[in-house]
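Chemist: Chains as they are written, first to last, in UniProt numbering: chain E, 1 to 104; chain W, 1 to 113.
Bear in mind the hints are in silico, worked out from the structure with no lab data behind them.
It cannot be assumed that every hint is accurate.
To be verified - Heads up, simulated DSBU-like pairs for lysine-lysine below, C-alpha to C-alpha not over 30 Å straight-line: (1) LYS82(E) x LYS24(E); (2) LYS24(E) x LYS51(W); (3) LYS82(E) x LYS51(W); (4) LYS101(E) x LYS51(W); (5) LYS82(E) x LYS101(E); (6) LYS85(W) x LYS24(E).
Stated by the list, open to error - Simulated coverage check for chain E against chain W, where a stretch passes if three residues somewhere in it have a Cβ under 8 Å from a Cβ of chain W: (7) 5 to 11; (8) 22 to 31; (9) 45 to 57.
Each residue gets a CB set at the ideal place from its N, CA and C atoms; glycine is no exception.
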Amino acid sequence: MAWISLLLAGMFEVVGVLGMNRIKRDNNAMAYLLFITGLILSFGFLSYALRSLPMGTAYGIWTGIGTVGATLVGMFFFAESKDWRRILFIAMVLGASVGLKLLS
Amino acid sequence: MNRSWLYIFIGVVFEVCWVIGFKHADSLITWLGTVIALAISFVLVLLASSKLPVGTVYAVFTGMGTGGTVLAEILLFDEPVKITKLLLIVLLLAGVLGLKLVGNSSDSKEAAH
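So here's chain E without its partners, still in its complex pose (with noise of 0.2 Å):
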């Protein structure tokens, strides 16, 4: 459970940054809603991971798959750069990530 929480967390991330992308666009009550409900959901879900996973790790997983999940959105629905070298970023982030699930 700790692990899909954690990913979750990572998610809701994506969602809290979004809102806060759409604060500095539109400035909407849609725009807020977002925002803070990514974001509570996102501490929400990291506090309930941490509670039995390593800080570091979780911590770094956390902010990985939130960073990994941005550039996503953005390649897949803003057009942004497909270059390589953020693919290669991409694949080290979650390779580095199942690596430590393995790990644990």
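Since the structure of chain E is provided, determine the placement of chain W on it from the hints.
Modeler: For chain W alone, kept in the frame of chain E given last:
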């Protein structure tokens, strides 16, 4: 030293504090302290990124935050030092920093044309 960098360094200290809190808080007072630390680190990052490029702030912050939590769990909470685990965290961090730094510059190039 630039004031914004000072904000980042202090922000990281509070960041590590709330991560420790999320793991170890067990009373109203410690949870309250955790939430306050979270709020302070948030505000300091926002202050820093109003003067410095957001990608750079985030990259430095995440790098030091991850390093800080790993150190804290080893030095303060007797987490065993496992080389494979540390190497995987370094690999993960390198990927995150790459996305924040390289990714950011290619974005701004795209935005420019």
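Chemist: Hint by hint, say whether it matches the structure.
Modeler: Do the hints match the structure? See the list:
Note on LYS82(E) and LYS24(E): the hinted pairing holds, with a Cα-Cα distance of about 24 Å set against a maximum of 30 Å. Among the hinted pairs, LYS24(E) with LYS51(W) is consistent with the structure: their alpha-carbon atoms are about 17 Å apart, no more than 30 Å. For a cut-off of 30 Å, the pair hint linking LYS82(E) to LYS51(W) stands: about 28 Å separates their Cα positions. For the given pair, LYS101(E) sits about 38 Å from LYS51(W) by alpha-carbon distance, which is inconsistent with the 30 Å threshold.
Our distance criterion of 30 Å between C-alpha atoms is met by LYS82(E) and LYS101(E), whose separation comes to about 27 Å. The hinted pair formed by LYS85(W) and LYS24(E) fails the criterion: a straight-line CA distance of about 38 Å is larger than 30 Å. Under a criterion of three residues with beta carbons nearer than 8 Å to beta carbons of chain W, the stated coverage of the stretch 5 to 11 of chain E fails, only 0 such residues being counted. Three residues within the 8 Å Cβ limit are the bar, and the stretch 22 to 31 of chain E against chain W gives 0, so the coverage statement is violated.
Counting residues of the stretch 45 to 57 of chain E whose C-beta lies closer than 8 Å to any C-beta of chain W gives 8; at least three are required, and the coverage claim holds.
Of the numbered hints given earlier, the model fails hints 4, 6, 7 and 8; all others are met.
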